[in-house]
Amino acid sequence: MKYELQLKNIKEGFRKDVERLSKQKISNCYQCGKCSAGCPVAYAMDYPPSMAMRMIQLGMHDQLMSANTSWFCVSCETCTTRCPREIDIAKVMDTLKIMAQAGKYKMSDNEIPIFDWIFLKSIELTGKIYELGMIGAYNVLSLNPFKDVFPMGVKMILKGKISFIPHMIYNPFELIKNIRMFRKIKKKDRERIYEKNA
Amino acid sequence: MLKVAYFPGCSLSSTAKEYDVATRLVCEDLEIELVDIPEWVCCGATTAHITSELTAAVLPAKSLIWAEKHNLPITSPCSACFSRLKMGQLNLKNNPALKKEVEEVTGETFEAKAEVLHLTRVLLEKYGLENIQAKVKKQLKGLKIASYYGCLMTRPPEVSENDRVENPMLMDKMVSALGAEPVKWAYKTECCGAAFSLTKTEIVRKLSADILKDAKACGADVIMVACPLCHSNLDARQPEISKLLKTNLDLPVLYFTQVLGLALGYEYMDLMLNKHFIDPKPLLKAKGIL
Numbered sequence: 082m083k084y085e086l087q088l089k090n091i092k093e094g095f096r097k098d099v100e101r102l103s104k105q106k107i108s109n110c111y112q113c114g115k116c117s118a119g120c121p122v123a124y125a126m127d128y129p130p131s132m133a134m135r136m137i138q139l140g141m142h143d144q145l146m147s148a149n150t151s152w153f154c155v156s157c158e159t160c161t162t163r164c165p166r167e168i169d170i171a172k173v174m175d176t177l178k179i180m181a182q183a184g185k186y187k188m189s190d191n192e193i194p195i196f197d198w199i200f201l202k203s204i205e206l207t208g209k210i211y212e213l214g215m216i217g218a219y220n221v222l223s224l225n226p227f228k229d230v231f232p233m234g235v236k237m238i239l240k241g242k243i244s245f246i247p248h249m250i251y252n253p254f255e256l257i258k259n260i261r262m263f264r265k266i267k268k269k270d271r272e273r274i275y276e277k278n279a
Numbered sequence: 017m018l019k020v021a022y023f024p025g026c027s028l029s030s031t032a033k034e035y036d037v038a039t040r041l042v043c044e045d046l047e048i049e050l051v052d053i054p055e056w057v058c059c060g061a062t063t064a065h066i067t068s069e070l071t072a073a074v075l076p077a078k079s080l081i082w083a084e085k086h087n088l089p090i091t092s093p094c095s096a097c098f099s100r101l102k103m104g105q106l107n108l109k110n111n112p113a114l115k116k117e118v119e120e121v122t123g124e125t126f127e128a129k130a131e132v133l134h135l136t137r138v139l140l141e142k143y144g145l146e147n148i149q150a151k152v153k154k155q156l157k158g159l160k161i162a163s164y165y166g167c168l169m170t171r172p173p174e175v176s177e178n179d180r181v182e183n184p185m186l187m188d189k190m191v192s193a194l195g196a197e198p199v200k201w202a203y204k205t206e207c208c209g210a211a212f213s214l215t216k217t218e219i220v221r222k223l224s225a226d227i228l229k230d231a232k233a234c235g236a237d238v239i240m241v242a243c244p245l246c247h248s249n250l251d252a253r254q255p256e257i258s259k260l261l262k263t264n265l266d267l268p269v270l271y272f273t274q275v276l277g278l279a280l281g282y283e284y285m286d287l288m289l290n291k292h293f294i295d296p297k298p299l300l301k302a303k304g305i306l
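From first to last, the protein sequence lines stand for chains A and B. The first sequence begins at 82 in my numbering and counts up by one. The second sequence begins at 17 in my numbering and counts up by one.
Think of the hints as simulated: they come from the structure by calculation, not from any bench. Using N, Cα and C, we set each Cβ at its ideal position, and we do this for glycine too. Please note: incorrect hints may appear among the correct ones.
Calculated cross-link-like contacts (lysine-lysine; reagent style DSS-like; alpha-carbon spacing at most 25 Å) [unchecked claim]:
1) K115(B) to K97(A)
2) K291(B) to K240(A)
3) K115(B) to K106(A)
4) K116(B) to K85(B)
5) K142(B) to K109(B)
6) K116(B) to K97(A)
Pulled from the structure, derived: some chain A residues nowhere near chain B, Cβ distances all over 10 Å [said to hold, decoys possible]:
7) Q112
8) S117
9) D143
10) G184
11) P232
Using the sequences and the hints, build the whole thing.
Structure below.
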């Protein structure tokens, strides 16, 4: 990756946005590489976590947000635990995904946003996770309808591990309250993400 | 009598039913009262915190508020739920602006002071290993158990409240106390890829294969877990992984309350050991435990 380091190339706004939303001081990173060394999925990432930190410092949002890095973060918290500069790196990865999902940047992954949407929709509508519905919806929307159906899915159903009936909030008043709550959250989220830097 | 609010989590009423059954059985035996939280809401698991900070704060807050109102510590047997509850509690405590927003959304005021504990800590620390040892009916002699902690009950240290993040020993101590043999191995806190179970399955297969291979190489008979997500990756995906590695791993994966239940004298069906993909029956019979 070619990048000419000049003061005029550094886009401060991106770093400031990430720092505001994650409440982490990313400029503290001194590139020791401990996060990348411990990361179990660094092997599959376009840029390992330490490189992502540097890219945020330099405001390289085009390159970072079109890479798979944040989407491949599995939230195991190893980087956060080991960072000698006490940056919550996993939270920074979360923040990048939040920014992308709020429509601030183009999404560079198909699978996880679809899964998240279905998962949270299930919580919104039932209060809990309805596994069978969720897996079915995910398989259909990700255009891979028979994924994990045989033999794992069938065996799970035979063993009574996945039920056909959703377990959910059964009290209708609580359910309506739950849906209303989600609506309020969505409104507040929009305000927060698009808030201008002070 | 120890009394705790019980947040079972979504997995425990479906894919990890046996964990719920074994947990309730063991707690009843030990006279620990698990108080069910009425109409609890999913903690948001692996998705809420990567989609919206506020959703990730509100979902666990509902249960936390209930526990606080009833003046009870709150526990979850699932590492992911525990992590979300505890992380939520810490965020609410340290971030007044977020707390205010959560109060506006839920319409309730609270202090964020309920104690959040993983089930392992309730049983092995609060109740106490010595007290458990006094109730053991069957020593698990000759069984080599690799305790697998995974990510979310160990990291970060503010959440686990454990300074031995790289080498936790709580479950290993339980293994010794029950007369079994704890296995020393390298992958006890490595990640199984839980969040990607359905989305990026090839990563899950690789990470879980590494864990299973190391446990096998270190001589484990069984792997003991305290999280339904770790369990489904290590157990339900094990046949696929065995095929991938071209070996037959045949490594049963048990929940820690099931192992505890065996030592307390419960039988195969009581603990729903038949629900596992890798049936532990032949092994336990050979060791004279069943």
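Each hint tested on the structure:
Distance hint between K115(B) and K97(A) is fulfilled; the C-alpha atoms sit about 23 Å from each other, no more than 25 Å. Using a Cα cut-off of 25 Å, the hinted pair K291(B) and K240(A) holds, with the two alpha carbons roughly 6 Å apart. Under the criterion of a C-alpha separation no larger than 25 Å, the hint pairing K115(B) with K106(A) is consistent with the structure, at around 22 Å. A threshold of 25 Å between alpha carbons decides the hint, and for K116(B) with K85(B) the separation of about 18 Å falls inside it, so the pair holds.
As the CA atoms of K142(B) and K109(B) are separated by approximately 23 Å, the hinted pair is consistent with the 25 Å bound. Using a Cα cut-off of 25 Å, the hinted pair K116(B) and K97(A) holds, with the two alpha carbons roughly 24 Å apart. The claim that Q112(A) is not at the interface with chain B holds, since no C-beta of that chain comes within 10 Å of its own (minimum 21 Å). Annotated as non-interface, S117(A) keeps its C-beta farther than 10 Å from every C-beta of chain B; the closest such distance is 15 Å.
Under the 10 Å C-beta cut-off, the non-interface status given to D143(A) relative to chain B holds; the minimum distance is some 21 Å. No beta-carbon of chain B comes within 10 Å of the beta-carbon of G184(A); the shortest separation is about 12 Å. The non-interface label for P232(A) is inconsistent with chain B: the shortest C-beta to C-beta separation is roughly 7 Å, within 10 Å.
The earlier numbered hint that this structure contradicts is number 11, and it is the only one.
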